[in-house]
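Asker: What follows is the residue order along each chain.
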Amino acid sequence: MSQNTTEKLLPEELTHGNMTERIAGLVLAPRARTRWRLAFAVAGALALLFAFCLAMVFSNGVGLFGINIPVAWGFPIVNTIWWIGIAHAGTLISAVLLLTRQPWRAPVARLAEAMAMFAIVCAGIYAIAHLGRPQLMHFLLPYPNTQDLWPQWRSPLVWDFFAIATYFVFTLGFLFFSLLPDFATLRDRARSRSLQIFYGLLALGWRNSALHWARYEQVNGVLAAVAAPIVVSVTGIISLDLAVSIVPGFHFTIFPPYFVAGALFSGFATVALLAVITRAMFGLRDLITRRHLDYLGRMMLLFALVVNYSYIQEIFTAWYSGDLYQRAVYIDRWTGPYAPAWWSMFVCNVLLVQLLWFRAVRRSPAAIFALAITSNIGMWLERYQILFTSVHASFIPATWGTALPTAWDALLALGSLGVFAFFLLAFVRLAPVISMHDMRSAIHRRQQQRERAE
Amino acid sequence: MSEMKGAANGHYGLIARFDDGEALLAAARRVRKSGHRRLEAHAPFPLPGLAEAMGFSEGGGALSIARIALLVGAIAAGIAFLLQWYTAVIDYPIVVGGKPLNSWPAFLPITFKVGIFNSVMAAAITMLVKNRLPHFYHPVFNEDDFAAASANGFFLSLRGGDGEKLEALLRDCGARYVRELTL
Chain A
14 MSQNTTEKLL
24 PEELTHGNMT
34 ERIAGLVLAP
44 RARTRWRLAF
54 AVAGALALLF
64 AFCLAMVFSN
74 GVGLFGINIP
84 VAWGFPIVNT
94 IWWIGIAHAG
104 TLISAVLLLT
114 RQPWRAPVAR
124 LAEAMAMFAI
134 VCAGIYAIAH
144 LGRPQLMHFL
154 LPYPNTQDLW
164 PQWRSPLVWD
174 FFAIATYFVF
184 TLGFLFFSLL
194 PDFATLRDRA
204 RSRSLQIFYG
214 LLALGWRNSA
224 LHWARYEQVN
234 GVLAAVAAPI
244 VVSVTGIISL
254 DLAVSIVPGF
264 HFTIFPPYFV
274 AGALFSGFAT
284 VALLAVITRA
294 MFGLRDLITR
304 RHLDYLGRMM
314 LLFALVVNYS
324 YIQEIFTAWY
334 SGDLYQRAVY
344 IDRWTGPYAP
354 AWWSMFVCNV
364 LLVQLLWFRA
374 VRRSPAAIFA
384 LAITSNIGMW
394 LERYQILFTS
404 VHASFIPATW
414 GTALPTAWDA
424 LLALGSLGVF
434 AFFLLAFVRL
444 APVISMHDMR
454 SAIHRRQQQR
464 ERAE
Chain B
5 MSEMKGAANG
15 HYGLIARFDD
25 GEALLAAARR
35 VRKSGHRRLE
45 AHAPFPLPGL
55 AEAMGFSEGG
65 GALSIARIAL
75 LVGAIAAGIA
85 FLLQWYTAVI
95 DYPIVVGGKP
105 LNSWPAFLPI
115 TFKVGIFNSV
125 MAAAITMLVK
135 NRLPHFYHPV
145 FNEDDFAAAS
155 ANGFFLSLRG
165 GDGEKLEALL
175 RDCGARYVRE
185 LTL
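Residue numbers (my numbering), protein chains in the order written: chain A, 14 to 467; chain B, 5 to 187.
Since the hints were derived computationally from the structure, they do not count as laboratory data.
We treat Cβ as the ideally placed atom computed from N, Cα and C, and that holds for glycine.
Heads up, none of these hints are tricks.
Among chain A residues calculated to face chain B with C-beta under 10 angstroms, some are:
1) PRO155
2) LEU199
3) ILE456
Partial list, derived from the structure: chain A residues whose beta carbon lies under 8 angstroms from chain B:
4) THR28
5) LEU162
6) GLN165
7) VAL182
8) PHE190
9) ALA197
10) LEU217
11) ASN221
12) TRP226
13) ARG228
14) ILE243
15) HIS450
Isolated chain B (complex conformation) (with noise of 0.2 angstroms):
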């Protein structure tokens, strides 16, 4: 059925769909303890510890998300705290209401907000820089049953390696099937 959905013909890896997410937790964990890393586990909704199991760790390393949208908007915030003192001070020196040229506190709410926006969009691009998105061909779709990824179906999908093993290895762990999946 796949080869007719592929343009080419190329051999891609292999898919196996579980019962739940316990049996797809233990598969997961046991097919990378027996050395294939290039795994991918589908589930409906962020399944609790899911991804750990997949490598994945809680800091995410330097440059996390989190730890990104802080340094964006800290730097954001202070471009614009001098965008505005440089305008306000050097460039466009106005006296409003007897108050001093360089008001700072008046110039906080637009630097916090200069700063929040870039923080959000600098988390959001991050999230889908490292997510790979938008990425809107993979061979996991030609899979007739992965649309069951999105309601109630539970999936580990193989790249490569050696197939008979990784197939006698997956019914092992309870697959419902295993299917091959083309380019």
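One chain only, chain A, in its complex shape (with noise of 0.2 angstroms):
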């Protein structure tokens, strides 16, 4: 990057001082602002509502969802694939900007990674409350037990198992990690005795030593060069669900790379959509520029474009194979009972991201805000139509069955939503929104370069 792009990147007289005072105030800031509590209140509600239907769907079973038995996964497996994406690039953003030294990195990297973090937490409880019979899940976990029995290691869903708890833990751990010497600051910078104990406890004694620094940064090296192939595994393996079975529609080798890509638009998407609002909410439009909008409108595209790609390739294979069945499926999906799905997935995913094309349309707020929106629907409407459509007419036409959701598919996706948010309101106001020992490290340099030029 060209100096002058690096000083684009940050406000001219933004310094160690003011910029620790600014961001470390949000956080300790007595009484938080309207817009937050507004906000908050609708995420807490829609929280409840979503622990209200997960004890429905705990105690009832889930035939409260619409499913049958030719489309046996329904909701709750659209929504873990959807949530999982969204993780994706949380952690992509901040781990492969960080090892390619992206200067625009660090105003989004936080962002990005309690994202991915809460994401990963919707994920999860989308999979568990997908079971049936979620009091039995240690099944999958390997461990002797008195029927001598050990899990099914062909199984794709032992896979799964095991990638989104790794995933998890991992997230929790490279959020934790980027956050342990902003606690640091915090507890520093703390007035009430609560609250330096608090973030005393987080911080475990920091004392930004050089040394731990240094090997600060080396294990977030480490943590970020085993991120990339987390990121691509998780997805890949969840996508292996599908294309392992030779069921026509998810039998296609291209899934793997497919699923990933389409995870990473979503993600970016996501990404792009919290930093307009984050922004707007706490007046940092100077720290989050139009020029980082810029960036992951180039991302959203880049990656919109490998998923088009693979439409392409989709439609492609199940002409060229020859299967009646896979052609039966394409032309299902195009005009059967879930046409309107595929249709609208075609708008958002095809059409409408070719607007990121525009640099005017990329440096827009508004517009990357629509944006972001409605590649995230055409991201969920993507993953519902591989699911519902591949399924519900599979070889035998006395099987097939169209299924449809009912209220409580609606209901606990929108609680799931308001999960999400939830998690992320109270974290921005319990932890610094952007990065600050980044920011300090992005001024260091900035002050070298600008030395350098004289």
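Quick one: dock chain against chain with the hints and give me the complex.
Answerer: Now the structure itself:
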């Protein structure tokens, strides 16, 4: 990146002192902003709705969902895949941009990490909710038991359990380590005793020692290097749930990379969405600049194009295989009962994202906001149509059955959005929304560049 | 002031504050060169070169964080594969989908995941152990201004040594002030 770009990514007069004061001030302010309170109240109500629906599902069983026997997975798995996808870009933005030393990483990395954390919580809960008998979830773990049984290692559902559990722990650790020096900053700046103890415990006694920083950078390097294969493998493994079956519509070798690209597409869209909301809610327009939105828009466009390529490949494979059933699935997607979902997906993921080719669109917060929402809807519809159209009309017409979502499906999905927002809003009140130590490093690099230029 | 805070009134050493990173870096080098090695530099961000000036080596020796992560990950992945092989071939042999009992490619996803999981945990724990964290009490926290170390302050803390000589040296390095640290 040229010096010019680095200059434009940071406000002119930003120093270590005033940046720390501003970001820490957002957290340590005694009273929350009115907009935050309103949003928190709405999200809290939706989170309660989620808890209620979950209790209903656990006590009554998965019969509440709009599923039948050809369409056995339905909404819970659509939402698991969708939420995992959102989580992925969070990890990837933070890790890959760290490894490639992108100067625009600092203000958006924390948002991305927090988003990954809470999206994976939603994905995990949905995966458990779909189980039917979640009290037997430990059967997926290999442990010596009185029945002398072991898990079926060849089953992608067992792989899923390991993949999601690993990803959850990794995301938690990555977020905590990213926060560690910032917790120390909050500990040092907190005025009340209770907050000092709260942040003091979280900061683990971090004292900004040079040796500590050096090892801290090393471990972040290791975590970031591991993050890329984790991101690719988790969604890859989840796509194998579908792809290893012989069901037409699921059985495509292109699925793992196709799902990963889709995951990153919806994830970058969500980071852009959160960036637009955060800069408006907390007045951070000078730190999260239009230039940052521009870069996020470019990433969205890149992965949207990979997704579009995958659609073409999928259609081509269905035609080129010459397989009657594969072709029938595709024609059914375009003309069958789920055709509105496929065509809406086409509009969102193929047509609308092309607007991102224009610089003016990428730099407009309103346009990015709208496109982020349509892209997420599009990605959700993509998962929906894959899961529903592939199985509702399979080999024998006697087994055909169209499943339609119930009110419980809709309420639980709405509730999961609420849970995500609830956690995220609580997070921005308790922890800095922009990584202060990453910003300090960025400011230091700019100082050095300025000195060199003189 | 600091006598009030410490439980005991013992002497720990000195703390000096510098105006910027370069001054801290130069001071850290000079103090180490003078023969005093029990010192710690505190900066609000990973200042390039500071850790090396404190005697940190990039490789970290035979037990560097990256090596430990790789080693633990490889061992854990090996154990995960052996467990799958043992349970699927020896302890609970059941043919599924006409596949051989030792259908090893199907064991790889979990092998990979368990390996990654353990290498991440190993890296994280190694960092904390090497940094001796958590470590909630440290004499530097007795310095009232030390909170600035997490915003815009650059500090050098010295343990023990000849107080007067070191104080003169620190002042000579351009310290804004030099104060005593108590236990």
